[in-house]
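In order, the protein sequence lines correspond to chains A and B.
If you use the numbering used here, the first sequence corresponds to residues 348 to 438, in order.
If you use the numbering used here, the second sequence corresponds to residues 2 to 428, in order.
Think of the hints as simulated: they come from the structure by calculation, not from any bench.
You can take every hint at face value.
With a cut-off of at most 27 Å between alpha-carbon atoms, the simulated DSS-like pairs for lysine-lysine come out as follows:
#, chain 1, residue 1, chain 2, residue 2
1, B, Lys199, B, Lys86
2, B, Lys199, B, Lys404
3, B, Lys227, B, Lys86
4, B, Lys86, A, Lys385
5, B, Lys392, B, Lys73
6, A, Lys385, A, Lys356
7, B, Lys348, B, Lys318
8, B, Lys73, A, Lys419
9, B, Lys276, B, Lys392
10, B, Lys276, B, Lys228
11, A, Lys385, B, Lys227
12, B, Lys24, B, Lys392
13, B, Lys392, A, Lys419
14, A, Lys385, B, Lys73
15, A, Lys385, B, Lys392
16, A, Lys385, B, Lys276
17, B, Lys228, B, Lys73
18, B, Lys86, B, Lys73
19, A, Lys419, A, Lys376
20, B, Lys348, B, Lys303
21, B, Lys24, B, Lys276
22, B, Lys227, B, Lys276
23, A, Lys385, B, Lys228
24, B, Lys318, B, Lys303
Distance windows between CB atoms, simulated:
#, chain 1, residue 1, chain 2, residue 2, range
25, B, Pro408, A, Met357, 53 to 59 Å
26, A, Glu379, B, Leu263, 30 to 36 Å
27, A, Phe390, B, Leu353, 56 to 62 Å
Note that beta-carbon positions come from the ideal geometry of N, C-alpha and C, so glycine has one too.
So the chains spell out like this:
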Amino acid sequence: MLQYTFDEKMISIQERASQQDTTYVIEVKSEEMRARLKQVRQFFDENRDYTDVMFYSREDGTYEAIVREDMKNAFLIHAFRFQCLTSLRWA
Amino acid sequence: MTNQALFAIGIFLVTYAFIISEKLHRTIVAMCGGILMVLFGIVSQEQAIHHIDFNTLGLLIGMMILVTVTAKTGVFKYVAIRAAKLAKGKPVRILVYLSIITAVASAFLDNVTTVLLIVPVTFSIARQLELNPIPFLISEIIASNAGGTATLIGDPPNIMIGSSVPELDFMAFLVNLSPVIVIIMALTILCLVFIYRKQLHTSPELSARIMQLNERDEITDSVLLKKSLTVMALTIVGFMLHGALHLESATIALTGAFLLLLITGEHYLEEAISKVEWNTIFFFIGLFVLVSGLVETGVIAKLASQAIQLTGGDSLKTSLLILWMSAIASAFVDNIPFVATMIPMIKEMGALGITNLEPLWWSLALGACLGGNGTLIGASANVIVAGLAAKEGHHIGFVSFMKVAFPLMIMSIVVSHLYVYLRYFIW
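Same shape as in the complex, but just chain A:
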């Protein structure tokens, strides 16, 4: 299982797990972080797997990423790749 940390001044992430997926409720606190998160979203929007990660934005400005269980590690790795996370390690 992957554990991650993030810069709380830039972003806040909360997890909500269900049987088939995990929902990440993400609040970005700077435009720079918003741009990084958009890169993560673009990466998953453009691949050929249509249900791996689904991003939505909410009226209150927060984002929701619904991540299929088998894609959880891939999602975190790409969030780290685009610097939305500050560390990632196997627990």
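Since chain A is already given, all that's left is putting chain B on it; use the hints.
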């Protein structure tokens, strides 16, 4: 019957059997069948190329490019979320709205593309409402196949028919097929709401979650959106006028596609071209050559004359035979090879004395497109949605799908039967 004809029938049947068995990819099988027709000298390479309908291929390629670029704007996701919010997060209304959106989109876009755009949003909406997504998915499958029946560009069988019969232009399809499709859609949605009424309940708190989604943020590129929608609208106007302009539908679709690429810049070119479903294009090429073997050896003419003997050359009986035969066949086998075989047969019936072929063409379109709703393997959109659902952990079984969809398909064919009878033989 000549040896050449027997060889052609043998190659055709073996190829068809492999396509149905799905042991090998259908594109490989169709291309091998077509190549065998040439290798055995049943058709020459020149004749084979002559039988490939480049209008069908051009139309498919043009529309695939247009949709690929337009999908990048996020407009389809915007529309789905907006609909869910207009439905105030109420499941029954969402099912109705998403079915209507799917049907309308499928009338102008390829069915597979439509479900690939709408299904991911559906999963998300169902998750937010903590509902089983299967009622929504099955409704979208049925709506996509029904909606695609309404226009010349909505479903491959219609593209093939429109391409083979120049007098059946875009407006002819719209005027003749859309009224019956509206009736079929209304009845189907009513039935689906009734069938799934017990599963379509959620709490007010969960409905409120849908209302919190921000659909405006789904539009990723507003400049591209304006360009795409303008070109899409121009293309649809072009389709409506292509008969009057004496232009083939492929010319319209390819003009739209490359006009969009011209005004959006070359950075979309590579992705747009790579997302064209070349498998499907080569599948069509293989089939056209395969069927050409039957045409050139006189097999199709013989089958047509036997069909006419069966119906006594009566236009009504022949239309209804085609309608029901196409529907039942398309529920179990791919409707594209079926229609590819039926087109030359109906043309031959014209040569053999049936003067009014129009009801026969509409019966073929209705039967082949709506028949795809009968089983899970009846149309590509069904297979794609079932695959996506399985990935999400929701199994749509062959029998469970058939229990809902087959009676609805029969109902749609009964309505079509009445429509063909009343519109073309009574009024």
